[in-house]
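J.: Taking the hints as your guide, dock the two standalone chains into a single complex.
Read top to bottom, the protein sequences are chains A and B.
According to the working numbering, the first sequence is numbered sequentially starting from 5.
According to the working numbering, the second sequence is numbered sequentially starting from 246.
Simulated from the structure, these hints should not be mistaken for laboratory data.
Since no wrong hints were added, every one of them can be taken at face value.
Label-pair ranges, simulated between beta-carbon atoms: (1) 511/B / 184/A: 43 to 51 Å; (2) 169/A / 438/B: 51 to 59 Å; (3) 83/A / 490/B: 28 to 36 Å; (4) 122/A / 404/B: 17 to 25 Å; (5) 438/B / 178/A: 50 to 58 Å.
In this text, a Cβ means the ideal position worked out from N, Cα and C, and glycines have one as well.
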Amino acid sequence: MTRIIAQNIQVLDLPQWSFEIQAGECVYLSGPSGSGKTVLLRAIADLDPHQGSVGLDNVSVKEITAHDWRRKVAMVPAETAWWHETVAEHFHQINENSLIEFGFDTNVMSWEVRRLSTGEKQRLGLLRALQQQPQVLLLDEPTANLDQKYTLVLEQYITRLVEHEGLSVIWVTHDHEQQERIASRGWQIEQDEIREVTS
Amino acid sequence: MNLISLTPIDLMIAASLVIVLALLSAKMQLGVSGQLLIAGVRTVVQLMLIGLILKSIFNYVHLGWISLISIVMLLLAGREVMARQKYRLKGWWGFGLGTMSMFISSFSITLIALNVIINVDPWYTPQYAIPLLGMMLGNTMNGIALGQDKLNQSAWQQRSIIEGKLMLGWTWSQAIADIRHDSIRTGLMPIINAMAAAGIVSLPGMMTGQVLAGSDPIEAVKYQILIMFLIAAGTGFGTLVAVWFGSRRLFDGRDRLRLERLTIKH
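Bound-form chain B, shown alone (with noise of 0.2 Å):
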């Protein structure tokens, strides 16, 4: 099987189709036209520098670009995470917690998938490792915005109950266990759901793209399952992570509820 390479025509007619959509779209006053546009030249413009910096990265490998973009990669994700929740820690730790955690569990995770796993020499051959930080990446940060903003929106609504609670003398840690639980919960929910619909409702994107190239399908198949576990273990720690330090945040050192260094998004 051969990559039938794509030319700029083929792409322009998936574009026209978008553009009909948005056409359609400012006819019904849905509101929404002007971003599908700006969406769509963002796709195009943010995907084609991808993947000449990728062309360069992997005509040229070297530990320090693979880093450089990493950290990149690590900071734009960070931001992501932050921009995500409607309540959100003030200051650094709005930003510094969900990257924190993503930077513990994405980076530890892809180190052990390309040392252990798929032993690639070197390990940071760009082929590998920039795609699967980048997934990892993606997927942990969904999570992570989940979590966080699970954590700090219950703890707002609860507050009574909260500090009803410590008032009967429980520590911080019991009196916010419950929206811990559910937090977390709610993080792990999209890679739990689809790693139950993979294959059945849904076609990974990553096992399409590699069917598409022209890999044999249980060769694709076996990466897409790698991946899927790599996530759900990256998506785990990482909301752990985000969960249990955000919800140390939110009380002092004296067990009280601090709900002023959160700040909420309008």
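Bound-form chain A, shown alone (with noise of 0.2 Å):
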């Protein structure tokens, strides 16, 4: 159980932005395209230099290695990245039940990347970032490419992780009705603010 606490994170000219989640809590961030909600969350899983600090609990990034940092702060982007042929081969343990909860049989193991749908991949890189039982997910428009039934059924797995596993979870979204099922508060970046809401 983990709360991440993150004070004046600042990347390239975006203003600064500081938050607290409790473990347990989803909350979304929002904003126009461009208005730099990837490079946010780029910043918070340490992928791109930036000020400020982050932390999980009283632990800082910096008192831990970047890949551990990485391991319990995972980051699933928009287009996932395949490097193997076959989807087995990007996973080292698999759960039936969640593939098949996300639409899938579970010979979906030997199909071959190339043949995966934008859907198909974004589901599966999800379920493939949670092999490393991260303790925050940040979540780049993870259901773009799903279509209504997948939404929900995204949308439910996740609260399910954050109300029973006490996950924490930032999730990139512009679509006013999902935030308001996945969560209770969130960000809004401006020009020159980026500004909490509570709903």
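T.: Right, here's the structure in full:
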């Protein structure tokens, strides 16, 4: 059970961002296209140089190695990358129930990656990131390529992890209805500030 | 067997062949005739110069002079390595990394060859030291340039894959391991091919030269084998060093991929 705390995170010419997200809390991050949502997630995952500090509970990002940090604070990009021929080679442990819940049958593991659709990659990419059992999940528009049915499936799946396993989530989404379904507060990127919004 | 000395007329006959080729390509509008002629003139001027330098050095054996010449050769080779890369590290790294890798591999292997294998006295006898070092540099240069270019280009093109691996908690070294292996293989391919084809498809230049100059073919072959092995080792170690440090340089202390450290030559 870990909370994530950020103080005056600052990248490029974006406004500073400070937040504290509790263990078992899901928040959204929203803003117009090109406003820097992905850039902010990348800074939290320590993928880009940035100002300010981030930490889990009382442990700052600087106190642990970068790869340990990213294992704990996992980012799932909008377009996931795949490098092996088949799906299975990207997984070291497979939760069959999750596969079925996400609409796959178990032989999806033998599929070739190049046959996957964008939506399939997005769902599998999320499951792949969850294998490392992160404490914080950074989701960059995780339902952008999903239809209504799987959008809801994915939302429910994440909500369950948040409520039962104490996962913390920062969820980038434009969709107001989705924001209301998944979170009770969030942040809106504006011209000169990143404003907290509570519903 | 005696060496038949070439006269200026002999060389002019050979040169006229190149000129005919240049005229023909001009007629066919291949756009290479200018380059061909300039390269030909450079061959003559550069080789004449090095011939004069070697002649005077052979007559005046001194460690200081040999070292000076070696450093100049190293720097020129380093510049060549940098110039051959389409994607290269910015700033001093672009020049320094290739040059340092060549220095480590070529110089140490040449020293081993001179002191342990050939065992000449003094070990810096220019007749052995300069051609050996020259061949080492010429070939390691090739491998290092190929390896570094492949590394930088692949990193550039596979950015999302490398970062995808980082996001899953891989270390920088794990995230670029595939690319590093490919790059080292690419750097080693020419010398592996050369070793495999030696004597069957091609008669290596050094050996040919020795035979033309009147040496016993068996003696020439032994030297050629020695050179091949030295070159393979030099290219291999040099490429390993260059690709390893080059891949490290693509990341910072927080294992972030820093592609802004590369520049692309258009």
